[in-house]
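Chain by chain, the residues run as shown.
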Amino acid sequence: MIITSTIVEKHGLKSEEYTKIKELLGREPNLLELGIFSAMWNEHCSYKSSKIHLKNLPTRGKQVIQGPGENAGVIDIGDGDAIVFKIESHNHPSYIEPYQGAATGVGGILRDVFTMGARPIALLNSIHFGSPDHPKTKNLLNGVISGIGGYGNCIGIPTVAGETKFNSTYNENILVNAMAVGHAKKNKIFYSKAKGINKSVVYVGSKTGRDGIHGASMASAEFDENSEDKRPTVQVGDPFTEKLLMEACLELMKDNSIISIQDMGAAGLTSSSVEMASKGDLGIELHLDKVPCREDNMTPYEMMLSESQERMLIILEDGNEKRAKKIFDKWDLDFVVIGKTTDTNNLTLKFKNKIIGEIQIDALAAKAPVYERKWTKTKLPKKNTQIKDLKKIKLEDALLKILSSPNQSNKNWVTDQFDQMVMADTVQRSGSDSAIIRIHKKEKAIAVTVDSSANYCKAHPYTGGKQIVCESWRNLISVGAKPIAITNCLNFGNPEDSKIMGEFAECVLGIKEACEFLDYPVVSGNVSLYNGTNKKSIHPTPVIGGVGLITNINNKINQYLKKEGNIILQIGKNFGQLHQSVFLEEIYSIIDGPPPEINLSNEKNNGLIISKLINDKLVSSVHDISSGGMILALAEMTFKSGYGIKINKPKNLSNLMEYYFSEDQGRYLIEIEASHLNKILKILNENNIFSELIGTVQKNYFEILGELKISINDLYKVNNTWYNNY
Amino acid sequence: MNSSVIVFPGSNCDRDVAVALEKLQFKNKMIWHKDSSLPKSDLIVIPGGFSYGDYLRSGAIAGKSNILNEVIKAANDGCLILGICNGFQILTETGLLRGVLLRNKNLKFIGKDVNVKTIDIENKFCNKYKKNQVLKLNIAHNEGNYFTDKEHLKELEDKNLIPFKYCDEKGNINEENNPNGSLNNIAGIFNDKKNILGIMPHPERMVDQNISNNDGINLFTSLLN
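Protein chains in written order, with the numbering used here: chain A, 1 to 726; chain B, 1 to 225.
Don't take every hint at face value.
Here are the simulated DSSO-like cross-link-like pairs (lysine-lysine), alpha carbons at most 27 Å apart as the crow flies [to be verified]:
| id | chain 1 | residue 1 | chain 2 | residue 2 |
| --- | --- | --- | --- | --- |
| 1 | A | Lys512 | A | Lys411 |
| 2 | A | Lys207 | B | Lys64 |
| 3 | B | Lys105 | A | Lys138 |
| 4 | B | Lys170 | A | Lys330 |
| 5 | A | Lys556 | B | Lys136 |
| 6 | A | Lys556 | B | Lys23 |
| 7 | B | Lys23 | A | Lys411 |
| 8 | A | Lys441 | B | Lys23 |
| 9 | A | Lys330 | B | Lys73 |
| 10 | A | Lys717 | B | Lys136 |
| 11 | A | Lys441 | B | Lys112 |
| 12 | A | Lys136 | B | Lys108 |
| 13 | A | Lys640 | B | Lys136 |
| 14 | B | Lys29 | A | Lys325 |
| 15 | B | Lys29 | A | Lys326 |
| 16 | A | Lys10 | A | Lys48 |
| 17 | B | Lys108 | A | Lys717 |
| 18 | B | Lys34 | A | Lys325 |
| 19 | A | Lys442 | B | Lys64 |
| 20 | B | Lys112 | A | Lys640 |
| 21 | B | Lys112 | A | Lys165 |
| 22 | A | Lys442 | B | Lys34 |
| 23 | A | Lys254 | B | Lys23 |
| 24 | A | Lys699 | B | Lys136 |
| 25 | A | Lys254 | B | Lys73 |
| 26 | A | Lys207 | B | Lys34 |
| 27 | B | Lys112 | A | Lys444 |
| 28 | B | Lys112 | A | Lys442 |
| 29 | B | Lys64 | A | Lys326 |
| 30 | A | Lys562 | A | Lys186 |
| 31 | A | Lys138 | B | Lys108 |
| 32 | B | Lys64 | A | Lys165 |
| 33 | B | Lys170 | A | Lys562 |
| 34 | A | Lys563 | B | Lys170 |
| 35 | B | Lys105 | A | Lys717 |
| 36 | B | Lys34 | A | Lys326 |
| 37 | A | Lys441 | B | Lys27 |
| 38 | A | Lys717 | B | Lys40 |
Don't read these hints as lab results, they were simulated from the structure. Fair warning: this is a prediction, and the values are worked out from it, not measured in the lab.
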């Protein structure tokens, strides 16, 4: 077959990229080879636009065992225990086929974690839909939520935290990011780097079908009106087989027979074999006749590019095949030696005793294109909106409107579709600042959270980038954890547009600065570009997944009020910042001005003091102040607690709306016993921490003296209506 | 007391129930579904999960597996059998318990804590509970909507074969507090001899104050009485 420019274009390759392929090969590729280049060189697999920015992120620290570049990041949590975690996007497939797209997103990220030798212990998700009024949203919401639940519930890993948001920017391109967290022994981590020549390359798991062919290329292009036709590129998930695969892999990992292991994710057999060989500086030879196929007459092209799920590639130490096969037989899974490692540094593909493709590994990996794309800075927007110029609204009306808005509503409708309790180690389920998972049969636990702030990032990417890292850090602090490290999922639009590329560059810069300052390194992540349809890109939406450690489970804390008469203090300073706030967006439909400023040093000081107060057992509950401002945080503290709050009006602030709805950062609310007040104020003074007395805990009513008085049951009801009526 | 937990491919609450049993002083063994014999057991637990993926009717394939023949034999000999969630579904598939578990009435998976009332305590599994006690237990299922014919339902009620019903916080049993559409708010049933119990809620998730509460403990410790 002659490779025409149309065929090249269909493979998502630019003509200059095709020229480079010919140079590297010293000849024209055949169709199989072209397919392989396309799979490895697309944005999703090669990070060609993002690489030069990502390398600036802080990825080291004494807590880091493995940073980015492996299947997942690994951190040390002491006592020989390690936590393995990563977040990944499945945006494009989920828009085309919401159930399977979301389900396989969960499946893929789970494989990344158990490939490294960890038993997954928690799942999280960050999902962004278009406007609720958009005709597609309801169907997408239903499909994605049941897909996420369908996979996690069946395989038996609790889905413990997440965020579900709506914004018209995602009308034609939703975001579905899934995060998995696993526990491993520090000295039993498995990597993808191949070692040794003539070692068996083993295919395990499900059979290969024709699903998902060119999925990664599809995920590396913008959508247009024909996107529906791409449904066949979406993979189909089988959580049952994944459960078997997980158990079989973990069983095989008990001894030392695995040299290296890699899951077949995006670009399936191609990327897994190339990655293993590339990291090991080796060649790899595959006999495609041996690949277990689900359908008849599959071509080598289809086998190499299929993204069928629940498959792994393993390189075994000599003499272990029999024993390993026995384990996979027990779990009724395929186990076939399909090739071997070589010293040729080539990917060599054989079919019916003929070499049908041969490419230098380097040409696919190290020599893949890297682009330094043009990018432009986003100026800090001016503060144009003055609250005094806006039509007056009653505080109570504003509060109730926001509490019942899609984005601020209680997410029980979502989380009730997830099994949060399987594995019986979920200490704190979703709905708090972070979920808490106990390490099995130990006293310690990890806290996990996912966060994003697309509006802030859109307004000023650099500040937004810093803000989400801070928010993630704060969410872990608020439950009594010491933040350790993050994973990030960077969802952006078309990198060929310099403005969008600028959003990416500056968000990454913001993330870098905040991570460095807070000693909160990035250990894994994923980049998803080309999110948009017909040249309209989504808001920049970096999502941060944070993990923290609670050394003793007795030091955990939550946001729910504990006792009548207790005092509520605000920690951190309120400047009345309403630009880019939920208040202006929900009440006046104004999305304008700069995001709240980030003062990293205040952020850190305030957080560390909160940690100290928690560890010294001086606080009864803690909640961070984030979107919706202090009043929303106060309301959330009453939910499920059975207690209300009596709030004094501020003595000297000009505007109540600015006071209650401002989204100034670095702030917390704490509930304390009255008898601890002086001691706590002393500690705060000594450390130059700003605090303010907000009110006291009372029975039954949420009350701001002279302004509003609502029963906490009514407040909770208002917060629970939206989803049920949608 | 010796217990055995049957493990099917796709079981996912096997470890949780084993941890609970061991914590409560059972001597427990895990039994792989391909095994053809059972160790001598006072209690056999069929745990929750998605046996064989539940791609067919829930529990349908597990109900026909090798080891189930042994479980049926043991059950007929009077051994105590506890089927939790998918285990309950499997027991109805084998015929050890009558009736079926249909899709939840809202057609969605439901994972949440619900209130459950102890209706009958005069049996081996519930004797440590008080009658009409309101428990908070976790449910997590797609198909928990218990259905049976009128005569059998009457029999279940008349012979006190319904140990647990869904209720509100105060113990009122009504449709509003029926999470999945079960007939008469049924959360669990016995066979005639009351040695076989099938329940949808997960008692093994409620044996640790750090995680949830202790409301599931008595279901296991009653057996030690």
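Distance restraint between Lys34 of chain B and Lys326 of chain A, which requires alpha-carbon spacing of 27 Å or less: holds (14 Å)
Pairwise hint evaluation, Lys108 of chain B against Lys136 of chain A, where the allowed Cα distance is 27 Å at most: Roughly 20 Å separates the two Cα atoms, so the pair holds.
Given pair status - Lys325 of chain A, Lys34 of chain B, alpha carbons within 27 Å: holds (17 Å)
Lys556 of chain A paired with Lys136 of chain B [C-alpha distance capped at 27 Å]: holds (22 Å)
Distance restraint between Lys10 of chain A and Lys48 of chain A, which requires alpha-carbon spacing of 27 Å or less: Judged against 27 Å, a Cα distance of about 19 Å means the pair holds.
Hint consistency between Lys442 of chain A and Lys34 of chain B [alpha-carbon to alpha-carbon, up to 27 Å]: Outside the cut-off at roughly 32 Å; violated.
Pair hint outcome, Lys717 of chain A versus Lys40 of chain B [Cα-Cα no greater than 27 Å]: violated (52 Å)
Satisfaction of hint between Lys442 of chain A and Lys112 of chain B, Cα-Cα up to 27 Å: Answer holds: Lys112 of chain B to Lys442 of chain A is near 25 Å, not above 27 Å.
Given hint Lys325 of chain A paired with Lys29 of chain B - CA-CA distance at most 27 Å: Cα-Cα ~25 Å, so holds.
Satisfaction of hint between Lys165 of chain A and Lys112 of chain B, Cα-Cα up to 27 Å: Holds, at about 22 Å.
Straight-line alpha-carbon gap Lys254 of chain A to Lys23 of chain B, limit 27 Å: holds (25 Å)
Proposed proximity, Lys34 of chain B with Lys207 of chain A (alpha carbon, max 27 Å): Since the Cα atoms of Lys207 of chain A and Lys34 of chain B sit roughly 23 Å apart, the hinted pair holds (cutoff 27 Å).
Against the hints set out earlier in the document, violations occur for numbers 1, 4, 7, 19, 22, 25, 30, 32 and 38.
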